[in-house]
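A.B. asks: Read off the chains here:
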Amino acid sequence: GENVEQHPSTLSVQEGDSAVIKCTYSDSASNYFPWYKQELGKRPQLIIDIRSNVGEKKDQRIAVTLNKTAKHFSLHITETQPEDSAVYFCAASRVGGTSYGKLTFGQGTILTVHP
Amino acid sequence: DTAVSQTPKYLVTQMGNDKSIKCEQNLGHDTMYWYKQDSKKFLKIMFSYNNKELIINETVPNRFSPKSPDKAHLNLHINSLELGDSAVYFCASRAPLAGGQETQYFGPGTRLLVL
Chain A
205 GENVEQHPST LSVQEGDSAV IKCTYSDSAS NYFPWYKQEL GKRPQLIIDI RSNVGEKKDQ
265 RIAVTLNKTA KHFSLHITET QPEDSAVYFC AASRVGGTSY GKLTFGQGTI LTVHP
Chain B
100 DTAVSQTPKY LVTQMGNDKS IKCEQNLGHD TMYWYKQDSK KFLKIMFSYN NKELIINETV
160 PNRFSPKSPD KAHLNLHINS LELGDSAVYF CASRAPLAGG QETQYFGPGT RLLVL
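Going down the list, the protein sequences come from chains A and B.
Our numbering applies: residue 205 is where the first sequence begins, and numbers increase by one.
Our numbering applies: residue 100 is where the second sequence begins, and numbers increase by one.
Hints in this document: simulated from the structure, not taken from any laboratory.
A hint or two may mislead.
Said to hold, decoys possible - Keeping only pairs whose Cα atoms sit at most 20 Å apart, straight-line, the calculated EDC-like set for lysine to aspartate or glutamate is:
#1 306/A with 137/B
#2 306/A with 152/B
#3 226/A with 209/A
#4 151/B with 129/B
#5 151/B with 169/B
#6 135/B with 157/B
#7 139/B with 243/A
#8 118/B with 181/B
#9 143/B with 243/A
#10 121/B with 137/B
#11 135/B with 243/A
#12 135/B with 288/A
#13 140/B with 129/B
#14 140/B with 206/A
#15 121/B with 169/B
#16 143/B with 231/A
#17 272/A with 253/A
#18 272/A with 219/A
#19 261/A with 201/B
#20 272/A with 201/B
#21 140/B with 288/A
#22 246/A with 137/B
#23 140/B with 219/A
#24 143/B with 206/A
#25 306/A with 181/B
Make a model of the complete structure from these sequences and hints.
C.D. replies: If you want it as structure tokens, here you go:
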């Protein structure tokens, strides 16, 4: 089955700096890679996702890059703000077939943005 | 206008008891999931139903039994609760499998504490 490794487990930055979180996956058939943000005591919420036919996707201060050959993808947050502090999860799944949208999550990264 | 709701929000119970958690979505989605988030924040899929049919059944003790009375509801019944069952249980739903929409929407979570 799929295995997703996420690093670092904790990340501390100053407000205004950039933050990068990296994930690797094992199943070359995985083709959908979402990132979820989970604030303390809240539900995970999708912040950005990318499919394997795209190398990069950007949404304001957030971007995701995908390297299919190396089987890794990264989340980039620029101009970080204290409200970006949360746990971030990467995930991988295979769209279509009998995967039924099963998401395999990374271990999570606790991001702390200091004012 | 809650999209995915769960009840109860908190559940404190004794070892050996039987308890149920309920999930409802009003998004018109066909597929629903149960995830378990342990004390280290790791998110792992347990079950998935598509249109009332079980489609994903991960390696979960058979004390856990999901039930989907209709495609808008997915309940989780747990028999003979153990200390290790203490976790946050999230329900999620997703648009029809053939629709090309991959986003999973999570419920607010049920925090289960077994004493």
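A.B. asks: For a quick check of understanding: which of the numbered hints are violated here, in increasing order?
C.D. replies: 12, 13, 18, 23 and 25
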